Every structure is written in C-alpha cells, then in structure tokens.
Amino acid sequence: MPDNEKTRKALANRLAMARQQAGLSQGQVAKLIGWHRPTISEIEAGRRSVTAEELRKFAGIYDVSFEWLAGVTAGAVSENHARIELAARELAKLKKEDLQTVMDLLRTLRNEGTSL
Amino acid sequence: MTRDEMARVALRQAMKIRERASIDSTSPVCIFDLAEQLGLEVKFRPEKSLAGMYAKSPRGVILISAHRPPGHRAFTCAHEIGHHIFGHGTRVDEYVKNADKPWQTAPEEWLVNRFAAYLLMPLPAVIKAFKRRGWVPASCTALQAYTVASQLGVGYTTLIAQMSSTHGLLSAERADHLRRVTPKEIRNQVLGHDDSRHLVIVDQWWDAKVTADSEVGDHLLLPNNTVVEGTAVTPVVRNDSGTTVIAALPGTARAELPSTNWAIFVRVSKYQYTGRSLFRFLEDPDVN
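Top to bottom, those sequences are chains A and B. 1 is the number of the first residue of the first sequence in the working numbering; add one for each residue after it. 1 is the number of the first residue of the second sequence in the working numbering; add one for each residue after it.
For the record, the hints were derived by calculation from the structure and aren't laboratory data. Just so you know, not all the hints are guaranteed correct.
Negatives, chain A to chain B, calculated, CB over 10 Å [said to hold, decoys possible]:
| hint | residue |
| --- | --- |
| 1 | P2 |
| 2 | K9 |
| 3 | A30 |
| 4 | P38 |
| 5 | E42 |
| 6 | E53 |
| 7 | K57 |
| 8 | L105 |
Using 20 Å as the maximum straight-line C-alpha spacing, the simulated PhoX-like pairs for lysine-lysine come out as follows [to be verified]:
| hint | chain 1 | residue 1 | chain 2 | residue 2 |
| --- | --- | --- | --- | --- |
| 9 | B | K209 | B | K131 |
| 10 | A | K96 | B | K128 |
| 11 | B | K128 | B | K209 |
| 12 | A | K95 | B | K131 |
| 13 | A | K9 | A | K57 |
| 14 | A | K57 | A | K31 |
| 15 | B | K48 | A | K93 |
Fair warning: this is a prediction, and the values are worked out from it, not measured in the lab. Even for Gly, the Cβ is constructed at its ideal location relative to N, Cα and C.
For reference, chain A alone in the conformation it holds in the complex:
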C-alpha cells in the first residue's frame, strides 16, 4: 500500500472511531453537517479525501482535537497522559483496563470548550 493511501486509511479509521465515541451514526453526522450519508461512508472507507476545513468540522462535532484527528500528536501522548487530573466516584472499583480506555479517550479530546 502506498504511503499516502496508508495515511488516508489511518485517518479514515480515526474518523470512524471518533464518530462512534461521540455516539453518532453515519446518518446522524450527515444530517448534522448537511451532507449526503454516502459521503460519510466514502470518507470512513478511505475512498474520499478530507480537507483541513472538513477535518475541523468533524473534530468539533466529535469533540476531539484537530491534531489527534489529523494524526500529528503521537509523540506527545504520554506527556499529556500524565498531566490529566481527575476525580472519580467509586474509583477503587475501576479496573486497570477500563482506566486505560478512559485515558485513551481523554487524550483524544480538545483543550478548549465545546461548540459545534
């Protein structure tokens, strides 16, 4: 697979993951953005490229950082991870693997407030 195709696939996977994480179906996203549903499935299949502006739109709806979505934060992950401050209800019961997936989620998030 050529490099640019690999990159597109990786981006497509992140887009699909972020959408599911946000609780949205492809149809719901299409409706929110005002696109046809097949456009979303084409993008998530890696068959259609995405502009930076479109990526920003997705990042806003999915509540993830543009950098994470664009795949430019890989090196900073562990540092960000340690900086996260949290408090939890019934924390003692939280299993290690569940803490891990929660941390994975938190590091995808945007730093600034939410707006669509």
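Chain B: place on chain A using the hints.
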C-alpha cells in the same frame, strides 16, 4: 471542617449552581443538561467498572457509565459536578503510582455526595412535589415516593434516604418501611406485569419545563387520555392508572392532554447510550 460545616458549604454551593443556571430551588433539574450549561462536557461510557469520573484537565469533562440505572447516573453526574465546583482532582501519574493506596480522601467524597443530594433534591423541591399533589411526605406511600423520585430524576431509595436523613421529612421507621418495597414491586403494581425495565411515572403535576427522559425499552406512565405525537414512543395500554407508553426510538415526542394546557416533551435515547450527552436524544435516520 466539621460535617455540619461541610453540609452547609455543600448546600450553599448547590443553591449557587441552581441560581447560576436559573433553576429555582423548587424545580426538578435535568442534571446532564445542567452540567453542559456549566460548560462541562458529559459523556456516557461503555466501561463497566466505571461509575463516574471528572477530568479537570485538559478541560472539564464528566464521564458516566452507561450501564448503571438512570437514578444512579444522575446522582453520579451531580457528584462529578461537585468535584468540578470544589476544584478536586489528582494527576493521573500520581494516581497510577499510588494505585494500591486509598486515593481519595473521604471528606471530599462526603462533601460532593452532599452537594449532589442538595442539587438534585433540595428541601423546597421535595416539599413542593408532595404538596402540589396533596400528599404528606411523613406518611407517603411507596408509589407516591416513586412518583416524586421520577419527577426529580433520582432513584427511589436515594430520595427516601435524603428525605429521612437529611431533610428530616421521614422517620427512620417510615423510611425502613418504604425501603422494604422495591422499585420492581412498584413497577409491577403500576404495569400489572413483571418488568425489569425502568418505569417513569409522569402525572399532571409535571412542569412543562421539565422533560420526561427515558431509554428505548423503558415504560412511561402518562395521565389518562394523554395524546402522544411523534415516533419516539408507542402507546401500549390504557387503564385506570393512566396511559402506558414504551420508549421506542431515539428522539423527542410531545405528550398532551386535550382540552387542558398540560403538555410535556418525552425524550428518548438508545438503551445504555454511549457517546456525548449532547447527542443522546438525537433522532437517528439509520434507525428511525
């Protein structure tokens, strides 16, 4: 700080938050919407061992397990709002380092639990809910307590605990008596059959400002002769206790009593919805 002082701080902060969101002390509150009004992002999560979490940084985010009962989720959200308001939070690296030690100090947890209870069930809201229906808190029945808990969006036993130990509206004996009746028994009594899914009791005393929130598969008991518009719920049975509908699809339905001015919105999310709270009641063209 003594417990009494902490309780006063918790009450004061809870009332301040209601004020900030323009919700008076007698009204029920949708705690998830309130969190968003405060600028917090709320997400429902699939992790089963997670009850709730507040991440202070990079920015205020509340995570709530999708697997807990609705009342538990609401209380957890209020609890996490408390951590936000009181500025609690520990760095994850310290948490991981001290994973085997008790991480959080008990006073912080006690404080935010009190805060959560006051935020969801302040005394004026509890009293008003009983009074407007002509019910007396001290001698209320299990069904009456369940109805009030439905409107306040809290669990049945959570309301009983708050009425008895915090508000002094119920004697310990009466509270014990009510606790012996399970929510399941109340559901069976209302629906006339055994059902494990949640039941929301909505009566004519519900304010139009407050939505009736449910998940696909939940039952809602609405006043007799209620007319429902929208595909989110399907009517199943009309009997003496009212019109029972089932939450069928994500979205919003409108329920009204013809020839009165009573109407409310019924909001439905997927069963055990995971995702941003913001989108939980969004209609889904892929399903609807």
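Hints versus structure:
At the 10 Å boundary, the C-beta of P2/A stays outside the reach of chain B, the nearest C-beta of that chain being 32 Å off. Every CB of chain B is more than 10 Å from the CB of K9/A (nearest about 23 Å), matching its label as outside the interface. A30/A, annotated as away from the interface, has a beta carbon of chain B within 10 Å; the closest lies near 8 Å. For P38/A, the shortest C-beta to C-beta distance to chain B comes to about 12 Å, beyond the 10 Å cut-off, and the non-interface label holds.
Annotated as non-interface, E42/A keeps its C-beta farther than 10 Å from every C-beta of chain B; the closest such distance is 16 Å. Separation of E53/A from chain B is adequate, the least Cβ-Cβ distance of about 22 Å exceeding the 10 Å criterion. The Cβ of K57/A sits about 15 Å from the closest Cβ of chain B, beyond the 10 Å cut-off, so the non-interface label holds. Against the 10 Å criterion, L105/A falls within the reach of chain B, whose nearest CB is about 7 Å from its own CB.
Of the pairs offered as hints, the one joining K209/B and K131/B holds, with about 19 Å between alpha carbons and a cut-off of 20 Å not exceeded. For a cut-off of 20 Å, the pair hint linking K96/A to K128/B is broken: about 44 Å separates their Cα positions. For the hint pairing K128/B with K209/B, the CA-to-CA distance comes to about 15 Å; that is within 20 Å, so the pair holds. About 44 Å separates the Cα atoms of K95/A and K131/B, which puts this hinted pair outside 20 Å; it is violated.
Straight-line distance between C-alpha atoms of K9/A and K57/A comes to about 19 Å, which keeps the hinted pair within the 20 Å bound. As the CA atoms of K57/A and K31/A are separated by approximately 13 Å, the hinted pair is consistent with the 20 Å bound. For the given pair, K48/B sits about 10 Å from K93/A by alpha-carbon distance, which is consistent with the 20 Å threshold.
Hints 3, 8, 10 and 12, counting from the list given before, are not met by this structure.
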